Amino acid sequence: MTIIEVGREETSGLSLRQRYSHYFVIVYAVAMIIISLNLRDSILYATIPYENTQAGIRVFYPQNWLLDTDGDYVFRVRDMGQPDFKTTIQVQIVPISSESAVRNLLDNLAFTRFQVYAAYRQFPRPEITLTDGTTASAVDYTFVFNNTDPFLESIPSVVVGQDVIVLQRGQAVVISYQASADRYDEFYPIFQNFLAEMQL
Amino acid sequence: MGRYSARLVTPPQDEEIHPYRRVWASIALESGILFAICAGVFAAFNLIGVSVPTIVEQGLQIVLVLLPLILWGLFSLWREQRVPLPRERLFAVMIMTALAANALGQPIVDLVFQPERWLPLAPVPTRIVAYAITVGTLQEFIKYMVVRYAAWREFFRTRLDSVAYTFASAVGYATVLNVQFVLASPSASPDALALHVFETMALGAAASIVVAYGLAELRFATPSPLFLPLTLIIASFLYGGLIPIRTNFVNASFSLAGGFPKPLIGLLLSFGVLIVISFVFSFLFERSERAAQEAEAAEGRA
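If you're matching them up, the sequences are chains A and B in order. So the first sequence is numbered by our numbering: it starts at 1 and just counts up by one. So the second sequence is numbered by our numbering: it starts at 1001 and just counts up by one.
Since the hints were made in silico from the structure, they are not lab data. It is possible that some hints are incorrect.
[Claimed, not checked] The following residues of chain A were derived to be distant from chain B, with all beta-carbon distances above 12 Å:
id : residue
1  : Leu14
2  : His22
3  : Ala31
4  : Met32
5  : Arg58
6  : Gln63
7  : Leu67
8  : Ala110
9  : Arg113
10 : Pro126
11 : Thr129
12 : Ala136
13 : Thr142
14 : Pro150
[What the hints assert, rightly or not] Each pair of labels, with its calculated beta carbon distance range:
id : chain 1 : residue 1 : chain 2 : residue 2 : range
15 : A       : Met80     : B       : Val1052   : 49 to 59 Å
16 : A       : Arg113    : B       : Ile1108   : 16 to 26 Å
17 : B       : Ile1062   : A       : Ala181    : 34 to 44 Å
Small disclaimer: the values here were computed from a predicted structure and weren't measured. Ideal Cβ placement from N, Cα and C applies to all residues, glycine included.
Same shape as in the complex, but just chain B (with noise of 0.2 Å):
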């Protein structure tokens, strides 16, 4: 056996690691799991026709209702703290947007804007603007709102801390409405609970993606003054424009022919848009970083 000295084992070479926790990555995980867990339980009450104890109904109902919370802080929250350079007031921003929701947003859609009172007999068109303009518009300026005071500036180190933010937004906000879903129909299935549940996460975190493009283009480029509000318009139309589609899906339509609900397209459909959405965005996230990193060089050259 041969004995080799200390001076010829190849020294440590200078590591580059990765100081953040990875949003990316996190996003996929969470999303992937709830789907799954939603898709689950709705092909085991609706398809299979499992039946249940009224107790254990309960207890999946509370379950479904924080999955969202419960996934965002095993894989975001929990994960932030074990990369040596975790993301500050993820957690707060998360609550003071929840906060933010059942005092502002949703009070305000119930007793103010009242869709439910004039929407459903109006024509398509007319329901996806009214959706976006009504609820999508409010929802997303609140979880801007949330973000631009709360972690906006001197919270953004790198882009993606954009994402993480707004992501942390649309999980408590989420959970408000889901908590209010719920409440205001106590006897509704796990089935339809697990579609609305992942169609409201999975909408407001693909809206909350494309708002997260216009905050980090503001803090690390000089876009437009209009560039974010687009942003805002995109992501109102994006949640609130889906609204009517969606439910079209859920519900059947009224005809001779008879009517089939089509719940799994809804489900479907929330799912694709957020791969999109989440696709698009990480290009132009990326695409954007390698700019100013070029740009970065280009002047360091000169």
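Just chain A, with the same shape it has in the complex (with noise of 0.2 Å):
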């Protein structure tokens, strides 16, 4: 038995369609990727404004995040979405007298916290600048959160936060990032973008 192949006629190279048609799916795949990070990042870093005229402060905080604003604070937002320490991004009010100094202020808080958190530590690091050129005292700590609730059966987690601390008109206004130690990174743009959109 012998088989004979009817095959069709071999042209040499790629014709001008063949050719452009590979070209226009590169040309959509990339297309593409570039719609989906711009959809993304539209979608993760999307804001919602926030404004207290009583106590003076403008902010848009990330969408999906859970506004509170009955604690001792004026604001807090946290991602209810992490499994264990919610991110959470913070704006208190301190008021200070003429003689206080930031100096005071952040001993004041690491005593209070030294109580509140277990294994606190904080860190000094060097003054930054606000988009509207004020410029503010900033603290690094870390301290271990423990969840309390005991059907949780969850693990301590090492929290690492941030204060950034503005004196006006005779208040301190803190302004406080606190993540999870692997997502502390991750989630520190959102805050970059909190503190330049923040109007006080």
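Once you've looked at the hints, go ahead and assemble the two chains, each given alone in its own frame, into the complex.
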């Protein structure tokens, strides 16, 4: 038995039509990657405005984060989607006397947190300049967060935080960012955007 | 008893044989067996409540993850060696797609697109479009590139070669996704894994068949230059767009009335999509082939 394969006529090289077809596929793929990155950023970094005229702040906080204004702070938002420590951005206003310096406030914060947080440690860092030109003091710190809910059976997690302190009109505005150590860098751009858009 | 002269025996007629492996039959067999096994595992563990020792469960996990690959090896690759004119580079296409999926596809999805960070909370239309243009497009583009540079043109002798090569790439990609799924969640129950394995393979294969039509047309006909990108767009939306719909069936919705997952509907949806796509595109392949033959015959008469 002999098999005779009836083949089609071979043409040498790609035709112009075939060549353009492959180019269009590559163009489509590249365009979709650019569009998806743009879409991702627009959803991931989408913000909602919050304004408190009494405290004199206007901020834009991340969409889908839980807003809370009932504590001893002006404003707090948390990413409730996190499994352990909820990434938090908080704005607190602390009245200060005219003789008080940032150092006094930091010491006061440290004393308070030593009693509340386990293994609290503070690390000073250089001053930062906000977008409106204001110079703000900043401090980094770490502590161990332990969920007290026995049903969750969670293990303690290390939290890294940063406080940015601005003195104005006889009061100190303490802007805090706290996140689990393994997600601190991932969410830090969100905090930077928050600081950049904040109006005091 | 009469004796017949050799001269009176009917001479053997020239028999027209099909020298290539029949692709649609292989796909139907592989998909049917995969569906039966996955549905069986799901029914046994989820509906009947079968309980097995951990070591057996782990063995079952390995078998399930490799099941599409094993079935493809048996009903496509092995059969390919038993036909007069086997297709070359099928195994190479499968391996190259698996390597590309592991080296490029999954890392780009996990580290760059990160859909789990921003899509679960997005509205359904946004999720459908976003999954299609991220996960769907990337997966179909990688599979297309492998087939394009490993087999397209010189190894395409008939239109259905396109289906054979793109199906091989779908098997490679799905195997990597299944292995990654088990590595990411080693405690996944066999019924959840069975659903994942079948749905990944079925939707990946359905999307590959769509791109196969575009590649075959570009090889053997003269379609518009936008035809191949169009098939890639359809395939991307077919695969990516069905991810949120499928997830909605697997995960119970949150409501005051209580939510119940409907994983069987997700399984049937994936199987249904594969069947519909296979029938529609087998018809389109047949139609294109007949049109090409008629055109050749008309040329011959002229």
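Starting from the range 49 to 59 Å, see whether the pair A:Met80 and B:Val1052 falls in it by beta-carbon distance.
violated (37 Å)
Going by Cβ atoms, does A:Leu67 stay more than 12 Å from chain B at every point?
holds (15 Å)
Non-interface label on A:Ala136, tested against every C-beta of chain B at 12 Å:
For A:Ala136, whose nearest Cβ neighbour in chain B is about 29 Å away, the distance exceeds 12 Å, so it holds.
Please test the hint of 16 to 26 Å on the beta carbon pair from A:Arg113 and B:Ile1108.
violated (41 Å)
Beyond 12 Å from each Cβ of chain B, as asserted for A:Met32
Given that some Cβ of chain B is not farther than 12 Å from that of A:Met32, nearest at about 4 Å, it is violated.
Far enough from chain B: is every CB of that chain over 12 Å from the CB of A:Thr142?
holds (24 Å)
Chain B versus A:Leu14 - minimum CB to CB distance exceeding 12 Å, so not interface
violated (8 Å)
Could you check the hint for me, namely that B:Ile1062 and A:Ala181 are 34 to 44 Å apart, CB to CB?
holds (35 Å)
Please check whether the beta-carbon of A:Ala110 is more than 12 Å away from every beta-carbon in chain B.
holds (34 Å)
If I take the minimum Cβ distance from A:Arg113 to any residue of chain B, is it greater than 12 Å?
holds (30 Å)
Should the label of A:Gln63 as a non-interface residue stand, given a Cβ cut-off of 12 Å to chain B?
Contrary to the label, A:Gln63 does not stay out of reach of chain B, its closest Cβ about 9 Å off (not over 12 Å).
Non-interface label on A:Thr129, tested against every C-beta of chain B at 12 Å
Given that every Cβ of chain B is farther than 12 Å from that of A:Thr129, nearest at about 30 Å, it holds.
Consistency with the previously given hints fails for numbers 1, 2, 3, 4, 6, 15, 16, ordered from lowest to highest.
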